[in-house]
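Asks: Using the sequences and the hints given, assemble the complete structure.
Position 80 of the sequence shown, counted from 1, bears residue number 80 in UniProt numbering, the numbering being contiguous throughout.
Hints listed in this document are in silico derivations from the structure and should not be mistaken for laboratory results. Misleading hints may appear alongside valid ones.
Restricting the straight-line Cα-Cα distance to at most 25 Å, the calculated cross-link-like pairs of lysine to aspartate or glutamate (DMTMM-like) are [to be verified]:
id, residue 1, residue 2
1, LYS336, GLU232
2, LYS348, GLU107
3, LYS327, GLU232
4, LYS336, GLU315
5, LYS336, GLU233
6, LYS221, GLU232
7, LYS9, ASP154
8, LYS9, GLU84
9, LYS327, GLU366
10, LYS317, GLU109
11, LYS221, ASP154
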Amino acid sequence: MRIQQVACKNFKSFSDLVVDLDTYNILIGTNAAGKTNFIRILRFFRDIARHGIGNAISMQGGAEFIRNASFPKDTPTELGVIFENNLGVLSGVRDTEGRRHTLTFSEIEYRFSLLIRDDAYEIVSDTLRLACSCSPESDADSRGDGELLIIRKDDGVVYDLRTPEGVTIEISDIIPPYLQDNTPRPGTLLIENPLLVPLPGFQRFFSDIAIYDFDPRSPRKAIPLTGRSDLEEDGSNLALVLRTILADPIKKRRLANLMHDLLPFIQDIDIRRFMDSSVYFTITERYGNDLTLPSSVISDGTINVINLIVALYFEEKPFIIIEEPEKNIHPYLIAKVVSMVADAASGKQILITTHNPGIVRYADVEDILLISRDKDGFSQVVRPALREEVRTFLKNEVGIEELYIQNLLGL
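Replies: This is how it looks when you write it as structure tokens:
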């Protein structure tokens, strides 16, 4: 499953935003342009799936910090995403005349809007659309477009199957009656009620979105053995995650190969345990007579690189967001970091944010998203590669990083 598009209205610094995403996305922009607010759109979806809409609003700073302060208070806040994926096939679906059809689902669009006043919110709309094609089994080459709409109401959920002209399929042939009778919990969205959505993995995709902003100081400390097995947002439980990786010979070999490419001076990495049931990691350098260094004395850049490798190659997440992956990393390694992220994007969707012109220099211009403020102060996102003026500069051998430094990408 891949997020094809993100949209919002009246959310934080955005007025009316629609952004198409690729598999690999590099979000660049000046300070206060809105990079963090863009990530907060995806964080908001994730927090709703994990903790519910009420807690998600609180985790954004409260209702007053969700909407844009420039809008009237009675303006709804809207958010939406479109997924692109082969969702599955329903075969042998009978229409009202007894003919059999095959429904092939290919796209999901999920949108909701909230009316936020003071510290309260009201759900204005909440809709899930599953686009599909419909073809009769007697003539598989004859296809028509259709869609399944799932609309949340206060008193229940409406399921509406729209099929090509001349084809009528009862909704009960798609959605079991016992599901149709369910009602959402008051004040909750469809994303919080997986039993109302006949789509395995819908809620889990959002809850599995990983957002990282690594702090190299946190992994230096010994941590208790009792902790999460997936990487924390700041990388603080790196020792626990490495412990799991190193216990698997195949993963251990892969980690060693990846580290050798970026950190060739490291000969080995290991986990040590204290008597009080806490662990920390160590590295052994090739040039130190096999001297073992504990995590407490390892450099910030080395820890950040290890965190990056673990997040990109060993975390089973469908969508990974990394804020400023180049932090504390020597400019010489920036090209390798960009290449590594692009390689990891072959197996998952990735978004990184950066100020660093070095990242921009080595990136493919097609992967770059530029965020900036318009004349009214609203954040906007564009693809510089689609601007003819930018392409003209590139044809004349003006580097993309030079355009970025001179603030000319938004021409």
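Asks: A separate judgement is required for each hint: does it hold in the structure or not?
Replies: We went through each hint and held it up to the structure:
For the hint linking LYS336 to GLU232, the alpha-carbon distance of about 24 Å falls within 25 Å, and the restraint holds. The straight-line distance between the Cα atoms of LYS348 and GLU107 is roughly 18 Å, inside the 25 Å bound, and the hint therefore holds. For the hint linking LYS327 to GLU232, the alpha-carbon distance of about 17 Å falls within 25 Å, and the restraint holds. Between LYS336 and GLU315, the direct Cα distance comes to roughly 20 Å. Compliance with the 25 Å bound is thereby established for this hinted pair.
A C-alpha spacing of about 23 Å is found between LYS336 and GLU233, which places the hinted pair at or below 25 Å, so the restraint holds. For a cut-off of 25 Å, the pair hint linking LYS221 to GLU232 stands: about 14 Å separates their Cα positions. Proposed proximity of LYS9 and ASP154 is supported: the alpha carbons are some 23 Å apart, at most 25 Å. Distance check on the hinted pair: LYS9 and GLU84 sit about 22 Å apart at the alpha-carbon level, within 25 Å; holds.
The straight-line distance between the Cα atoms of LYS327 and GLU366 is roughly 23 Å, inside the 25 Å bound, and the hint therefore holds. Distance restraint check for LYS317 and GLU109: the Cα-Cα separation of roughly 20 Å lies within the 25 Å cut-off, and the hinted pair is therefore satisfied. With a CA separation close to 49 Å, the supplied pair LYS221 and ASP154 exceeds the 25 Å bound.
Of the numbered hints given earlier, the model fails hint 11 alone.
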